[in-house]
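Model the placement of chain B on the given structure of chain A, informed by the hints.
Respectively, the protein sequence lines represent chains A and B.
Counting from 1, one number per residue, gives the positions in the first sequence under the numbering used here.
Counting from 381, one number per residue, gives the positions in the second sequence under the numbering used here.
Derived by calculation from the structure, the hints in this document are not laboratory data.
Positions of the beta carbon are idealized from the N, C-alpha and C atoms, including for glycine.
Incorrect hints may appear among the rest.
As a list, the in silico DSSO-like pairs of lysine-lysine whose alpha-carbon atoms are at most 30 Å apart [unchecked claim]: (1) B:Lys487 - A:Lys327; (2) A:Lys43 - A:Lys82; (3) B:Lys674 - A:Lys82; (4) B:Lys674 - B:Lys707; (5) A:Lys43 - A:Lys294; (6) B:Lys487 - A:Lys82; (7) B:Lys487 - A:Lys43; (8) A:Lys43 - B:Lys462; (9) B:Lys462 - A:Lys294; (10) A:Lys107 - B:Lys707; (11) A:Lys294 - B:Lys423.
Across the chosen pairs, the derived CB separations fall in these ranges [to be verified]: (12) A:Glu48 - B:Gly406: 21 to 27 Å; (13) B:Pro579 - A:Glu48: 50 to 56 Å; (14) A:Glu178 - B:Arg431: 48 to 54 Å; (15) A:Glu236 - B:Glu687: 51 to 57 Å; (16) A:Leu105 - B:Gly406: 55 to 61 Å.
Here are the chains, one letter per residue:
Protein chains: 2
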Amino acid sequence: MPAAFQFHLIATDGAARCGEIMTSRGRVATPAFMPVGTQATVKGMLPEAVRAGGADIVLGNTYHLMLRPGAERIAALGGLHKFMNWPHPILTDSGGFQVMSLSGLRKVEERAVTFRSHLDGAMIELTPERAIEVQALLDSDIAMQLDECIRLPAPRADIERAMRLSLRWAERSRRAFEALRRAQAGGALFGIVQGGDDPSLRLESLRALIDMDFHGYAIGGLAVGEAPAAMLATVEGVAPALPADRPRYLMGVGTPADMLEAVARGIDMFDCVLPTRNGRHGLAFTRLGPISLKNARHAEDPRPLDETSSCPAARDYSRAYLHHLIKAGEMLGAILLTMVNLSYYQELMAGARAAVTAGRFEDFRNQTQAIWVQGDVPTR
Amino acid sequence: MPAAFQFHLIATDGAARCGEIMTSRGRVATPAFMPVGTQATVKGMLPEAVRAGGADIVLGNTYHLMLRPGAERIAALGGLHKFMNWPHPILTDSGGFQVMSLSGLRKVEERAVTFRSHLDGAMIELTPERAIEVQALLDSDIAMQLDECIRLPAPRADIERAMRLSLRWAERSRRAFEALRRAQAGGALFGIVQGGDDPSLRLESLRALIDMDFHGYAIGGLAVGEAPAAMLATVEGVAPALPADRPRYLMGVGTPADMLEAVARGIDMFDCVLPTRNGRHGLAFTRLGPISLKNARHAEDPRPLDETSSCPAARDYSRAYLHHLIKAGEMLGAILLTMVNLSYYQELMAGARAAVTAGRFEDFRNQTQAIWVQGDVPTR
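Excised from the complex, chain A in its bound form (with noise of 0.2 Å):
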């Protein structure tokens, strides 16, 4: 019988935690940065790549898995770990962000959203039952309820209506998690807590979930258009009311210096596609800062991104090669580049980790946050 879902906070300081949650797959040190592997893979990493650069965990897309390959036939090949060859820990978002991202036609209902494929332009119909269902066959750890995320700005009735909804369809998912009973199976399920930039709205999304009794809260419907510091008072808002004994998730943040503010406030759990995408297009995430690859500059620099980094790709390349790559438009340039951000989202969480520990969050945050506005600085 696997081990049931744990979550255990180790330290905090001030607002910010320390924890693990334990899963029947492993152990997760939070905070924790999850890469995305949209389509079962992260992009242009090798699993064991993924895994060296210091994830414990990472994020699949139900939306993109139910279309290719199906998830039917992801349970067939042994479930989603077997397939992408990642044993460790997955988490699954619902599939309801995509739907309102990338297909071009959908349908909002009270029993389902009904969405065209943007692959084939088949219509499909996800209900919360079936979005439970779906990240059953793919096995994950920690399941998403479906909600319904809208765009910010928008007006406050619209929130409300979408946040009213999302609270049904977590009553529904809770259902369905517990008739299929993934939670013996090991399995985990998240309530998401909507209400845009509505504080009272966000206080009465996260009260009712809360009722529902869900193994950790995410924090949605953010990163989505809203300015960064109403994204953090959202945060501040809601993560002191969630449950202290459970994970916080803020979905879909962020930069490094977004997730930097929010563990502060509360956070222990993220994920993103900006140091996978970015790194594609030739961004670093560094210790220095960010720095532009493709910028003529480094043309003819010998030094690497970061010699004191825990990552190879930041050690052993020049920027010259690095810029050769991408201009090149060089595979490798995005993989080495996708390897040096995902180690450095990797050591933000380690360096949060350690200085809650320590009792020394506030110096650890002002010496990293230092560091960046130095930033970038030829040292000869």
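Quick look at chain B alone, frame taken from chain A:
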């Protein structure tokens, strides 16, 4: 002082040979396959993956590197090995072949070939002396003379003219190599036998080259449009007339079947883009023959490509997963199949070396071909 270039013949079996090339940067077991690293990267591969796949040496393309990022820049950055983080031997071609195949506008004259860069349209002149200088700037371990390589079929007069020009360029390349004291620096220079599909022209070319005394001899101008039988007939005519104590390199060849037949005829070294290029396009070369992962018959196949392979990419991922990655256009599909293909090419070479040493090369060739013919039959 770096060790001088050496070649030792370890064993022969019929015309097939097993040997070793010693360079200042390490040993190359022969028969050897050299993965192609056109733009200072074997496409999609970390250098440690190329090495783990069994490669002792890679090939760099002088034409591409002199255009971008430039030979002088690579030299200023410490040479090609450091630039691409590959500390093992590198063979560079002379640039001549790509001038013919990639540059739309070109003019071959006695003194030089002048061509328009496919990158920015600049007119560039390449003399035999400059080709040697560029390869010295790259600090390659094995340099190639500049030659003129023409497409087959071609009139005998054209083949003869190009062969004679290539001989005069060989002489100039040899002098330039000595003037730069590349041999004293541990480097080597190979001459290139030309003469198309005409046996008498081939013999004239190789005799003249042997008189010039190169470290090794390449057979050029094949795999350029002629029938496979014509290619092998030329190899069969040329190889026995080459000095037994020098390595023999069949340029741009080929498929596993081509290489096996060429080893049987006394060839020691190969390079080809097929394992990397075809891997990116969904074709796997395996012990069981070529397997096209694009084919829908693999969509639900849980079997790995070859569970007996030494390559993790051939063992740890189902055909269904590889099919999914290729269909979804994911980089990881190209990466895994490139790993599979390079490993299989190296396994084939290692098998040939062991078979020659054990005096059972004919058995090895027959068994290998029999399994290819039997093909990719499901074991269920």
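Taking the hints in turn, this is what the structure says about them:
For the suggested pair Lys487 (chain B) and Lys327 (chain A), the alpha carbons sit about 28 Å apart, so the restraint of at most 30 Å is met. A threshold of 30 Å between alpha carbons decides the hint, and for Lys43 (chain A) with Lys82 (chain A) the separation of about 17 Å falls inside it, so the pair holds. Our distance criterion of 30 Å between C-alpha atoms is met by Lys674 (chain B) and Lys82 (chain A), whose separation comes to about 21 Å. Between Lys674 (chain B) and Lys707 (chain B) the alpha-carbon distance is near 7 Å, which keeps this suggested pair within the 30 Å criterion.
A C-alpha spacing of about 20 Å is found between Lys43 (chain A) and Lys294 (chain A), which places the hinted pair at or below 30 Å, so the restraint holds. Between Lys487 (chain B) and Lys82 (chain A) the CA atoms are separated by roughly 56 Å; this puts the pair beyond 30 Å, and the hint is violated. Distance restraint check for Lys487 (chain B) and Lys43 (chain A): the Cα-Cα separation of roughly 43 Å exceeds the 30 Å cut-off, and the hinted pair is therefore not satisfied. Taking the CA atoms of Lys43 (chain A) and Lys462 (chain B), the gap is about 27 Å. The hint holds against a cut of 30 Å.
Distance restraint check for Lys462 (chain B) and Lys294 (chain A): the Cα-Cα separation of roughly 21 Å lies within the 30 Å cut-off, and the hinted pair is therefore satisfied. Restraint check: the Cα-Cα separation between Lys107 (chain A) and Lys707 (chain B) comes to about 28 Å, which is no more than 30 Å; the hinted pair holds. Of the supplied pair hints, the one linking Lys294 (chain A) and Lys423 (chain B) holds, its CA atoms being roughly 19 Å apart against a limit of 30 Å. Checked against the hint of 21 to 27 Å, the pair Glu48 (chain A) and Gly406 (chain B) passes, with Cβ atoms roughly 26 Å apart.
Taking the beta carbon of each, Pro579 (chain B) and Glu48 (chain A) are about 51 Å apart, inside 50 to 56 Å as hinted. Judged by the Cβ atoms, the range 48 to 54 Å given for Glu178 (chain A) and Arg431 (chain B) holds: they are separated by roughly 51 Å. At roughly 53 Å, the beta-carbon separation of Glu236 (chain A) and Glu687 (chain B) lies within the given 51 to 57 Å, and the hint holds. Between Leu105 (chain A) and Gly406 (chain B) the C-beta distance comes to about 59 Å, which sits within the given range of 55 to 61 Å.
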